[in-house]
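J.: Each chain is listed here by its residues.
There are 2 protein chains.
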Amino acid sequence: MPIQTNETPLSPEELSATHRYWSACNYISASMIYLRANPLLREPLTQDHIKRRLLGHWGSDPGQSLIWVHMNRLIKKYDLNTIYISGPGHGAPATLSNCYLEGTYSEVYPDKSRDEAGLLKFFRQFSFPGGIGSHCTPETPGSIHEGGELGYSLSHAYGAAFDNPDLIVTVAIGDGEAETGPLATSWHSNKFLNPIRDGAVLPILHLNGYKIANPTILARIPHEELEALLTGYGYKPYFVEGNDPLVMHQKMAATLEAVVLEIREIQKKARETGDATRPRWPMIVLRSPKGWTGPKEVDGHKVEDFWRAHQVPIDSVVDNPGHLAELERWLRSYNPTELFDAEGKLIPELQALSPTGTRRISANPHANGGLLRKPLNLPDFRDYAYKGDVSGHSEAPPTDILAHFLAEVMRQNMTSFRVFGPDETASNKLQYIYTASPKVWNAEFKPEDADGGELALDGRVMEMLSEHTLEGWFEGYVLTGRHGFFSTYEAFVHVIDSMFNQHAKWLEASKKEVGWRAAISSINMLITSLVWRQDHNGFTHQDPGFLDLVTNKSAEVCRIYMPPDANCLLSVADHCLRSTEYINVIVADKQNHLQYLDMDDAILHCTKGIGIWDWASTDNGVDPDVVMACAGDIATQEALAATAILRERFPDLKIRFVNVVDLYRLQPSTEHPHGLTDKDFCSLFTANKPVIFNFHAYPSLIHKLAYKRPNHDNMHVRGYKEKGNINTPLELAIENQVDRFNLAIDVIDRVPRLQATGAHVKQWLKDQIIESIAYAHENGIDKPEITKWRWPY
Amino acid sequence: MPIQTNETPLSPEELSATHRYWSACNYISASMIYLRANPLLREPLTQDHIKRRLLGHWGSDPGQSLIWVHMNRLIKKYDLNTIYISGPGHGAPATLSNCYLEGTYSEVYPDKSRDEAGLLKFFRQFSFPGGIGSHCTPETPGSIHEGGELGYSLSHAYGAAFDNPDLIVTVAIGDGEAETGPLATSWHSNKFLNPIRDGAVLPILHLNGYKIANPTILARIPHEELEALLTGYGYKPYFVEGNDPLVMHQKMAATLEAVVLEIREIQKKARETGDATRPRWPMIVLRSPKGWTGPKEVDGHKVEDFWRAHQVPIDSVVDNPGHLAELERWLRSYNPTELFDAEGKLIPELQALSPTGTRRISANPHANGGLLRKPLNLPDFRDYAYKGDVSGHSEAPPTDILAHFLAEVMRQNMTSFRVFGPDETASNKLQYIYTASPKVWNAEFKPEDADGGELALDGRVMEMLSEHTLEGWFEGYVLTGRHGFFSTYEAFVHVIDSMFNQHAKWLEASKKEVGWRAAISSINMLITSLVWRQDHNGFTHQDPGFLDLVTNKSAEVCRIYMPPDANCLLSVADHCLRSTEYINVIVADKQNHLQYLDMDDAILHCTKGIGIWDWASTDNGVDPDVVMACAGDIATQEALAATAILRERFPDLKIRFVNVVDLYRLQPSTEHPHGLTDKDFCSLFTANKPVIFNFHAYPSLIHKLAYKRPNHDNMHVRGYKEKGNINTPLELAIENQVDRFNLAIDVIDRVPRLQATGAHVKQWLKDQIIESIAYAHENGIDKPEITKWRWPY
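Chains as they are written, first to last, in the numbering used here: chain R, 1 to 793; chain D, 1 to 793.
You may find that some hints are simply not true.
Think about it this way: if two alpha-carbon atoms lie no more than 25 Å apart in a straight line, the pair counts; the simulated DSS-like pairs of lysine-lysine are [claimed, not checked]:
(1) K269/D with K76/D
(2) K708/R with K191/D
(3) K723/R with K708/R
(4) K302/D with K708/R
(5) K708/D with K708/R
(6) K783/R with K708/D
(7) K512/R with K723/D
(8) K268/R with K236/R
(9) K708/D with K679/R
(10) K446/D with K191/D
(11) K511/R with K296/D
(12) K236/R with K236/D
(13) K302/D with K723/R
(14) K721/D with K511/R
(15) K512/D with K721/R
(16) K689/R with K708/D
(17) K708/D with K721/R
(18) K708/D with K679/D
(19) K446/R with K302/D
(20) K511/D with K721/R
(21) K446/D with K296/R
(22) K723/R with K512/D
(23) K236/D with K723/R
(24) K511/D with K302/R
(25) K76/D with K345/D
(26) K446/R with K296/D
(27) K708/R with K296/D
(28) K783/D with K121/R
(29) K783/R with K762/R
(30) K77/R with K269/R
(31) K708/R with K511/D
(32) K512/R with K512/D
Simulated from the structure, these hints should not be mistaken for laboratory data.
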């Protein structure tokens, strides 16, 4: 279905204007790296006009601006709705210069006005202390992708395109970035896109040729291999290659138009016929010189079309008069005085090339997704409550109960809510969601898929065995104003540690530095298949350390919830789905677990985030002998069982039972908005009594959060300590001393009046431990009777 | 260059024997999931013979065993030297059954003898508490790749092949795993392999069809797309597809032989001609049914060739007589009594198919790399010492100095040492290593590469913009007995957090559980381009949190070093290169830094790991007023400057200056082998004086390590707290209060006798802060004079 287009679609006048507009982009991109004065070169360039520290990335700017400028032509011609994602985000000058020329920058930041004074401020702030960064940071209008770390541009682009049928997401993929794993697999996202329901992604692989100091792989394989690779990924590649700008303008104009028309034709056909079967989407390979139009050589070294053009092509400009002259030659080659008028504004002939209003890429509201975001239609989560026995004797599957709620959320938000999980939605017991919408799948089908396959072209559950791609889709979806829910195995959420870090930083900067960005939905992550039920998968599947990373990030944007049972999980999930601008991390296991709270109590408990469970305590509200605290479902179960044992063995012992849902309650109120005051903390944990804290994750995290607390020295924390192999659940708990028996021993060891009388009980507890492990090794399961101490015993 | 081979290379007798050997593999694989008695089905199967908890992954086992069995034929025919990497490592039964049949298992674990009693023990221990895991864990002979987390099989395989010219690394890549990012980009490893110097990797993409509950992408794209994709990755794919075992044996025998001969032909030609230019390496796509030869249907649901065969194909065997009968039918379909003799040993006719001695895949010493490992030839690192001024006034580039040492290490170990870095060796100022060996590159060359490109077919520095691939290569290289050094950007080492976790767990299990594994070299990681010099790249490039993860892992295998200057870095690097079975994390910045210690002092300091710097202290060895402690190069510089300011302003103040190189010294000796006793700790940090600790990373880590210490409540830690944008270095330090001025204020605030007299100094310090930031915002650089307080002032 090749679209026939003119090979030289630009008239001589259009060609000239396009080239000059592009020259203006390039002039601005180069100048923001160098100039602190004389922004339009009205005077001869001197050392005084040069920044003292030269920072920024020139290499990919001209290529990226070429894409933008030619996209502008088509936006105007076809009234396209498009955003642009800059994979080589270090090349922010390309995005920034286009933002400025389109006027958006001055609208958002009025002091960077469209005149010489504003232009100068715009130059000076770039990559300058107190100014803006050298990537497409949140401060950049039109950006949803900073690109500070590489690999996520294409998955972000797909995330933006889902459920946005009119949107074309143009994404420049750097050939350096293309070497990363996350990018390499995200090409397969086309098997999850529905051409009827979703928008289009137009990937432009920018063969810029070099990374910091190396050639790129994809620029150094034969044409046939590259074409085969992209064909193998399921695309139809078009090649735009060359270095003569005037020839390249015609090629790019023709190819981009052909590709856009092909996209529209694909969509039209799918939408008219109702056949959403995966088409072969077009894409472009743009091979242009790195540092294009910059200096060819400096000091006898090749610069243009080589890695030396990556950052600042001419350095030491202040000290080296030859370099200064070379820089001036280069900057004047763009003829700035002919591009800008006397006030310093782009001349009207060129300004006419830019789209206007929200059709400008830099002003498209999809790139400020909070503007488009509508709150979810949420059913009443209380309708999904677990209504069975909540006395701590009966088990229920929390994530399955959650799935019933999420299914209804899905049903009520069939164009703005998606669920993500790496082949684990069903494994994580969330498969009830499929009753609202199956898994999206746009590859081949087989008849047997009907038997529990739950695959459909218009499904809304996203599953691919790539945490990177899923998280990228989710972020792109949320950044453009929608909502989602991600579930993943606890041990392997570390795969996306770095993506978490980057999104947290994006959110923090957006919230604190960028007033004009409207609030987007939170990233909601359910961490499940928890360490304590990885007794069968063994050591590699046991790592609860993601929370340590989360707590390194700003208190402004991170929340951690550890609901102890199903009703608490529902309450927490509802809260998270309503929230904006957070990363909400919910830790809850997928297996059957004991249930403790009816819905009213659960809401109360989750709203407080931490509380004394009177029904499990024996201190009658007065001064206890010991505080038994816990956070996490399995940790709570064992702490309760320990309390039951202790109550049986020491009827006079006064135990206070504290459960923590909202982990940040432990931090001082001065550190985190959810933190308790020291007074409130002591009202729970006492000022001087021993506290046994049974924690889901690594024990040091509790110390990290609570080390400034008055009673911290009395806190004795149990948690995972890297002890595990193939075990039974109880054996795994015992290995790490988070089990009922060891916790009871901890209490005996720390309550002075038990130390004499408790010796025989302690021996009995030790016997239980030995017997438990022996039984497990003989039978492969835990002895049913041995786990019987449930609350109340 | 297709090799002509017989399409049905197996005679009827060979075919029969091969099929029966394979049946023995499959019988054992299935039985280890189910049986706890009656291992050879000498009696009718009853519920009593069945394990109480059924665990294990059946799905990929028959396909993986097919590869192994046919590889055995070629090992014997051509005396091949080969190891096998199981990407779908969850399918350990395939590897384990082959290990057992080859006899290796019984040699390593004599109680799992080659008779009925041993076989039963072998079955019972599988995925059983107190037994072995269901992956190819370190306990598995022949395994260097557990596969508990997916994505690294192919990069491990290439790592094993580098510098092993005779080795063929056969690697089964699961089609689930193939969806991960790390795997998707690791196909490009062929651009870094030299057919003269290195061995061969034979990737076998196992199109098993399904993940846990979903089809795989690569099994559901048209044949042409898959072929194009693999061709695009640079391979020549051969397809072996079908489900009739007898037909498939012939196909596999023919194709595998053709491919092996093609590999040998490629190597022969390259080695004879001396032309190492990248060939098109062959690979195999094996499309076989998931759960092949297992039950076709259970309870009316398709099982074989469907995702339901992923784990345990027939469940509830104990409770469901129909299932029990179905299981017995299935297991008896392999005719176990005809495969094993009266004692329970494989019959000699079949045993003859197995290679012997170290040619057995399961006994190849490359898979127990410590057996082959030779210590590095190390030059005397003292010869590379920085010999300039070490009074704290002069700067030198630590990583450049290190590079001179590493270059000589490279020169002296040109077949067993490699250096890894994601396009950052030069950026990290290690480029002097190129004088010993350039970067390996086996893609296209251009003339300009001669100008600083440092690329060569036989280079030994590995650079690709994929931390995943590099770390995978490095691990594979070390696991097979060699040595290496990895450098990477601090913020983006999080990309491989999860790989670090998995390797740490592998090391710990190897050290503690597997006596027969010989010690391999340590993973040596230089974390550089540190947070405090990412003032110009901004917020996204600032994250020192990797250490938080490292300290979650076992003290048995992790080491963290923070050398404050170049000579300390040399001393630490030498120590790490000599060590085995650790992950050594060295944190050192790449910029110019002040130098404090001559080589003798550096060796002394690094050997102690922590120490008082008398020359920087003013307490004359008696009780100080305050301890100024620090860890990390930039943290040390600022702490020293603060001390200089304080000495000038308060000549009577007694400051003790403590520097930490070996971070684990802070942990109690009961927690880490490097930990100090409390007594030694107090002799440094005092029992009751205020300690200001200036730390390189997040401050909570010091509390995590030291919270049990006697004087912990007096420790006031400064470190990174997520405050950063585009800054000058000093401004970034100020934002996070790790700078000289804020540290001096901290001292004034905490030493009681300064609180009255110090008010005017404090005001002056605050003025310095304001002035510093104002200057930075005006000039874009730090005021040279303002940073002048160097030790001694």
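J.: Run the distance test for K708/D versus K679/D: straight-line Cα separation, threshold 25 Å.
T.: holds (13 Å)
J.: Check whether the Cα positions of K512/R and K723/D lie no farther apart than 25 Å.
T.: holds (11 Å)
J.: Below or equal to 25 Å on CA atoms is what counts here, so check K446/D against K296/R.
T.: holds (16 Å)
J.: Would the hint linking K783/D and K121/R be met if the CA-CA limit is 25 Å?
T.: Holds. K783/D to K121/R sits at ~22 Å (cutoff 25 Å).
J.: Given the hint that K511/D pairs with K721/R, test it: the Cα-Cα distance must not exceed 25 Å.
T.: holds (17 Å)
J.: Is the Cα-Cα distance between K708/D and K679/R 25 Å or less?
T.: Holds. K708/D to K679/R sits at ~24 Å (cutoff 25 Å).
J.: Check whether the Cα positions of K511/R and K296/D lie no farther apart than 25 Å.
T.: With a Cα-Cα distance of about 56 Å, the restraint between K511/R and K296/D is violated, given a limit of 25 Å.
J.: Hinted pair, alpha-carbon criterion (25 Å max): K269/D, K76/D. Please report holds or violated.
T.: Judged against 25 Å, a Cα distance of about 23 Å means the pair holds.
J.: Taken at face value, is the distance from the CA of K296/D to the CA of K446/R at most 25 Å?
T.: Roughly 16 Å separates the two Cα atoms, so the pair holds.
J.: Do the alpha carbons of K236/R and K236/D lie within 25 Å of each other, as the hint requires?
T.: Holds, at roughly 21 Å.
J.: Does the alpha-carbon distance linking K708/R and K191/D stay inside the 25 Å limit?
T.: violated (53 Å)
J.: Does K191/D sit within 25 Å of K446/D, going by the straight-line distance between their CA atoms?
T.: Holds, at about 15 Å.
Checked against the numbered hints above, the structure violates hints 2, 3, 4, 6, 11, 13, 23, 24, 27, 31, 32; every other hint is satisfied.
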